[in-house]
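Those protein sequence lines, which keep their order, are chains F and H.
Mapping of the first sequence onto the numbering used here: position 278 corresponds to residue 278, and the numbering continues sequentially without gaps.
Mapping of the second sequence onto the numbering used here: position 299 corresponds to residue 299, and the numbering continues sequentially without gaps.
These are computed hints drawn from the structure, not numbers from a lab.
Check before you lean on any hint, since a few could be wrong.
Any copy will do: because identical chains look the same in the list, a pair fits if it lies in one copy or spans two.
Unchecked claim - Below, a list of computed lysine-lysine pairs in the BS3-like style, where the Cα atoms sit at most 30 angstroms apart:
hint : residue 1 : residue 2
1    : Lys267    : Lys371
2    : Lys24     : Lys258
3    : Lys152    : Lys93
4    : Lys24     : Lys246
5    : Lys100    : Lys190
6    : Lys191    : Lys252
7    : Lys211    : Lys419
8    : Lys59     : Lys371
2 protein chains.
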Amino acid sequence: MLVIIGYFSGHPYFFNQLFGGLDKLALSGAILTEALNTSAYTYEVSPVFSLMERQIIQKIITETIGWPQGDGVFCPGGSAANMYGVSLARHSKFPESKVKGMRGMPLVHLYTSRLSHYSLKKAAFFMGFGIDSIVTVGTDRFGRMIPAALEKAIEHSLANGIVPLMVNATSGTTVFGAYDPLDEIADICKKYGGVWLHVDGAWGGAVLLSKKLRNKMKGIDRADSLTWDPHKMAGSILQCALVVTKHATLLKEAHSAKARYLFQQDKIYDVTYDSGDKSVQCGRKIDAFKLWVQWKAYGNVGMAQRVESCFETALHLRDRCRTTPGFRLLVEDPECTNVCFWYIPPSLREQTEDEDWWTKVSRVAPAIKAKMQTTGAMLIGYQPQEEFVNFWRMVVASPENTIQDMDHIIDTIIEFGEKL
Amino acid sequence: MLVIIGYFSGHPYFFNQLFGGLDKLALSGAILTEALNTSAYTYEVSPVFSLMERQIIQKIITETIGWPQGDGVFCPGGSAANMYGVSLARHSKFPESKVKGMRGMPLVHLYTSRLSHYSLKKAAFFMGFGIDSIVTVGTDRFGRMIPAALEKAIEHSLANGIVPLMVNATSGTTVFGAYDPLDEIADICKKYGGVWLHVDGAWGGAVLLSKKLRNKMKGIDRADSLTWDPHKMAGSILQCALVVTKHATLLKEAHSAKARYLFQQDKIYDVTYDSGDKSVQCGRKIDAFKLWVQWKAYGNVGMAQRVESCFETALHLRDRCRTTPGFRLLVEDPECTNVCFWYIPPSLREQTEDEDWWTKVSRVAPAIKAKMQTTGAMLIGYQPQEEFVNFWRMVVASPENTIQDMDHIIDTIIEFGEKL
């Protein structure tokens, strides 16, 4: 059966993914770049856009993150940005692999929490490491990587003669929104001889925009590279993502191929403005401009407020889940704007919570979501995760969302679910 | 010195890259997808777009190419599409590498012509093969791969115990626009036990739209995978690119990670409509819709005419280069819409063409281009290539370009260059 339903993220109750809403400034930037139809690779074909991209990357590095220097590249999504993180880690330790490939490299391990995004797995097989090179590290009740478990995993690798290449710490996990403890992880990376610390902040990295919230990523100054998707909580419209690294020359060293037909050295301008050879793409969409327009218009304060608004709205939903009968939070104190919960309909309340009961609970979210979809009321994601059966993951990704919207979600779930 | 010049591909004399012009239908599609701001990964968040993408991929596979079946995925550019080609080749022969990585694989070689696009080199190091795994094959006077040289290269690999994994044949090389002889290459791939044949048709693949021109890619039915960038000669606005393969299940087998939070199996619709797990991206921009709009509006005939128009316009420029004093073609009969030539100013004509003379010729194009840039007259690319010093590469990438435009180019080059 194919059900045709017209859901797009502009729907006021679209909460299905880690993006949503429609920022008009970002849209104006997007329309302009579509109409000008050019590529980011060389200054000569995207002069002003090249300058804007360079400026915004440097602003993110020196102001938003606070590294003394660095380099970065916009790329088509957080998965691609995480691949760059892996590539930088590899090139940093084994630069000869660029020419000789991975056959000559020793076995290496990439560490990531069991709740991190699946893109690291895709990076591992696409880039020649293989899924076996990934070591998943346990998490605490908030969903954060346990540093002691990471250290044990690294010790285990070393005991088996395997090189610990990179830790992928997550700032804002996909489902729970957990922030791995960067400072403690950085200590471990340092202790074991400088393991590359990549931070996947695709979702939660937006807290760096806010003085109030940035403490969640304490230790980011010690990371080697960072993924951030402004198209998520900053509302910069898909696609707007980048990877940055504090190692100023490494992106180019790792990825340049010096194509002479594109990156001629006898141009009439300073060819360091041609950013394309840092990238593994050739033609590359202008993704930075949308964010540039937003940031210029909202200012640092406005950008921070947008993110803070998402957090405040999510807290209201958390509180409603705490106090409304039938709602049960998976993480009592969510760290990001992800609010994960089960809705237990009256027919299943106050019963023995055995396997059979959980099986029944697992059918609740799909049944309610089917009603949401067929009525066009709203769209919210649910999923199972590890030992937990199907639960709702509500995310607030746009400052357009209000506490009234959160109340409406609670009401709708009750309306569609109370008879189940 | 930083020269700020506002060139974008919408300029009527923008000929610097393998794209240009602005198709209004593609733009209308682009604006709609920006405003709807959704992702291509699941049917539930891009219902109609998912159907359109699926339909257009199947149309390309069964009608445009003519394979009995297959699968494909839109991706952010031809470089990414070529990476998928390499990934498919690897997974086809060494599926265990997905889990175990490349350390356990034998040494492999990837063959490509010396004039092919640099993205294969980037794929080789990014994906763990290393640049050493690339074997460059010689070309004829049109810039086409020489089949006998390919065969010799494969024999050489085999004699050294190296597995011939993939041939990357190019349909429309970046600079000369040459079409490698697919049928003869396919014979060789077959002869040596089924070497994967990937065709990089990022630029020249558009000829498949035309009954008159498609013979340039005779043998495409025998290829295993194909890259095509509709954002180039089809004018679908950057980014619009895809990879297709005739092996219907392989994209998924090679790239799936079965993320449970995104690709739930208990949805209310047929989950084979969720295309995201074939991709190594997670969030993925809607790139297919622009092409869908164009194709629906222009029809098969209109799409063919657009491409044929580019070829006709380019032929006029070729003829002008043949007959205008001072112009000298590098390839007498260009196979695509690339017209490559030197302009020899009067002061350098009828002289001994020694090394010193060629050094002087190498300075002509940069000097003329500087005038083009500082006056805002036009933008055309030049580059050195192999044994040839700086020469012009004029490309016709848009049906908006006319033979009058070509005459204007000749006139402008003379105007800016005759006193050099």
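Verification of the hints:
1. Lys267 <-> Lys371: Result: close only across copies, 12 angstroms inter versus 60 angstroms intra.
2. Lys24 <-> Lys258: Neither: 38 angstroms inside a copy, 34 angstroms across copies.
3. Lys152 <-> Lys93: Within one copy, since 22 angstroms is at most 30 angstroms while 36 angstroms is not.
4. Lys24 <-> Lys246: For Lys24 and Lys246, the Cα distance exceeds 30 angstroms both inside one copy (32 angstroms) and across copies (42 angstroms).
5. Lys100 <-> Lys190: Answer is both: 28 angstroms inside a copy and 28 angstroms across each meet the 30 angstroms cutoff.
6. Lys191 <-> Lys252: within (28 angstroms within a copy, 40 angstroms between copies)
7. Lys211 <-> Lys419: neither (45 angstroms within a copy, 61 angstroms between copies)
8. Lys59 <-> Lys371: Close neither inside one copy (45 angstroms) nor across copies (34 angstroms); limit 30 angstroms.
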